[in-house]
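When you read off a place in the sequence shown, starting at 1, and then add 638, the result is the number in this note's numbering.
Check each hint, because a few of them may be wrong.
[Claimed, not checked] Here are the simulated lysine-lysine pairs, DSBU-like style, with alpha carbons at most 35 angstroms apart:
#1 Lys835 to Lys784
#2 Lys830 to Lys1034
#3 Lys869 to Lys830
#4 Lys833 to Lys866
#5 Lys985 to Lys996
#6 Lys985 to Lys1034
#7 Lys866 to Lys1034
#8 Lys833 to Lys985
#9 Lys698 to Lys833
#10 Lys869 to Lys1034
#11 Lys869 to Lys835
#12 Lys869 to Lys985
#13 Lys835 to Lys866
#14 Lys996 to Lys1034
#15 Lys835 to Lys985
#16 Lys698 to Lys830
#17 Lys985 to Lys866
#18 Lys698 to Lys835
#19 Lys869 to Lys833
#20 Lys1034 to Lys835
[Stated by the list, open to error] With beta-carbon atoms standing in for the labels, derived distance ranges:
#21 Trp647 to His863: 33 to 41 angstroms
#22 Arg997 to Thr916: 48 to 56 angstroms
#23 His863 to Ile1059: 19 to 27 angstroms
#24 Phe905 to Leu799: 24 to 32 angstroms
#25 Arg997 to Gln798: 25 to 33 angstroms
#26 Leu1016 to Ser957: 49 to 57 angstroms
#27 Thr892 to Gly671: 31 to 39 angstroms
#28 Gly1053 to Thr916: 17 to 25 angstroms
#29 Met771 to His862: 58 to 66 angstroms
#30 Met993 to Leu799: 35 to 43 angstroms
#31 Gly919 to His863: 23 to 31 angstroms
#32 Ser957 to His858: 34 to 42 angstroms
These are computed hints drawn from the structure, not numbers from a lab. No experiment lies behind these values; they were computed from the predicted model shown. Cβ atoms here follow ideal geometry from the backbone N, Cα and C, with glycine treated the same way.
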Amino acid sequence: MYALADRLWSFPRSLTGDGVRATIEALSRDVGGLDVHEVPSGTQVGDWEVPLEWNLYRAKLVAPDGTIVCDSAQNNLHVIGYCMPFHGQVPLEELEAHLYSLPELPSAIPYVTSYYERRWGFCISHNQRMTLMPGDYRVEIDTSLKAGSLTYADLVLPGQLREEILVSTYICHPSMANNELSGPVVTTELIKYLKSKMNRRYTYRFVFAPETIGAITYLHQNLHHLQKHVKAGFIVTCVGDDRARSLLPTREGTHDLDQVARHVLRFLDSSFTEYPWTSRGSDERQYSAPTVGIPMVSMMRSKYWEYPEYHTSLDNLESVVSPEGLAGGFEAIRQAIQILEENVVPKTTVIGEPMLGKRGLYATLGAGRFSTSPQTLLDVWSFCDGTCSVLAIAEKLNLPFDEVLTIIEMLSGHGLLEMSIAELR
639 MYALADRLWS
649 FPRSLTGDGV
659 RATIEALSRD
669 VGGLDVHEVP
679 SGTQVGDWEV
689 PLEWNLYRAK
699 LVAPDGTIVC
709 DSAQNNLHVI
719 GYCMPFHGQV
729 PLEELEAHLY
739 SLPELPSAIP
749 YVTSYYERRW
759 GFCISHNQRM
769 TLMPGDYRVE
779 IDTSLKAGSL
789 TYADLVLPGQ
799 LREEILVSTY
809 ICHPSMANNE
819 LSGPVVTTEL
829 IKYLKSKMNR
839 RYTYRFVFAP
849 ETIGAITYLH
859 QNLHHLQKHV
869 KAGFIVTCVG
879 DDRARSLLPT
889 REGTHDLDQV
899 ARHVLRFLDS
909 SFTEYPWTSR
919 GSDERQYSAP
929 TVGIPMVSMM
939 RSKYWEYPEY
949 HTSLDNLESV
959 VSPEGLAGGF
969 EAIRQAIQIL
979 EENVVPKTTV
989 IGEPMLGKRG
999 LYATLGAGRF
1009 STSPQTLLDV
1019 WSFCDGTCSV
1029 LAIAEKLNLP
1039 FDEVLTIIEM
1049 LSGHGLLEMS
1059 IAELR
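Using the sequences provided together with the hints, build the complete structure.
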């Protein structure tokens, strides 16, 4: 995952354009094929309209003495997103209105966009801005803004059920690691994991699209199907550092997927932070909008807005995102998917307690990383009345889902339980 993020790092991503296409092409190669879609500029999607296509070729700001102040070839955050093309000589006093920096993070290059207003400008560190000398600066901004299309990709992995789990991530931020690249690269690893899983219960739908307008476009084109078949889903974003674990629950906060996410995160890191729905800020705003109603959770590491490097050049692959952080981000969602896939409702087949001795179950049981006593086994069995799922029993006993599932499978193997699918509600 880290190596894939490194390969994608320099692509000039935005809402539209060749940087998005190159990113999708690389992701498609990594997972063995994505379905790519182009939606023409000007297409009405919900209350929005697909914007003109923007492409960045090169942007430079040259000081009066010939020194290059900003160069998009060195860092594509140096030019504001959807920047208009511009060439000319500009005095420092006029240039200041076109410069963006962060006094509170003086070494950082900020991420600034102007998607729906036409302007040009450069983003620089505040330290560098304070050193600019008086005089005329040469501005060379080679971009294009014209009718084209918005690009997104999706992939459907069929399961035994027609009910779907939606996994969505976005591909529109340039050169930021936790806030952007962690999402797509963890999502590709989830695709590989599910491809390797035989007899999937649910059908899984993966979406790679620009944030906001991409999700709205996807919903506009697929709304009827999604509302009919999607039970719930994950927004995959900010899953790359190893400082924290965070949860943004569904809008109501009471969906079965909320319980799954809380269970997983509690056993991975009991100090995880759960944020309220009012702290939302990614594509859950679109998928869970009142006219759509798809319950979505975000199981993150450090949440967007909540870490100091957010939306700056400091959110990089050297100091923020790590292989260990990506692995942890992947593992949380993988465990949640495992619960969705394997959660069942067990029901005892015997009257009274089962006789453990004649089945050799009285000795302490080694079950992988768990050591299960006969008392724990009987505690689990005591809730197997056909009304509690494995997850519900795990919650009642404060045990990891895996441990309870191991016990349930063992009891079932001795003919002591019968099981039915735990439906997602």
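ask   = What hint numbers does the structure not satisfy?
value = 1, 9, 16, 18 and 28
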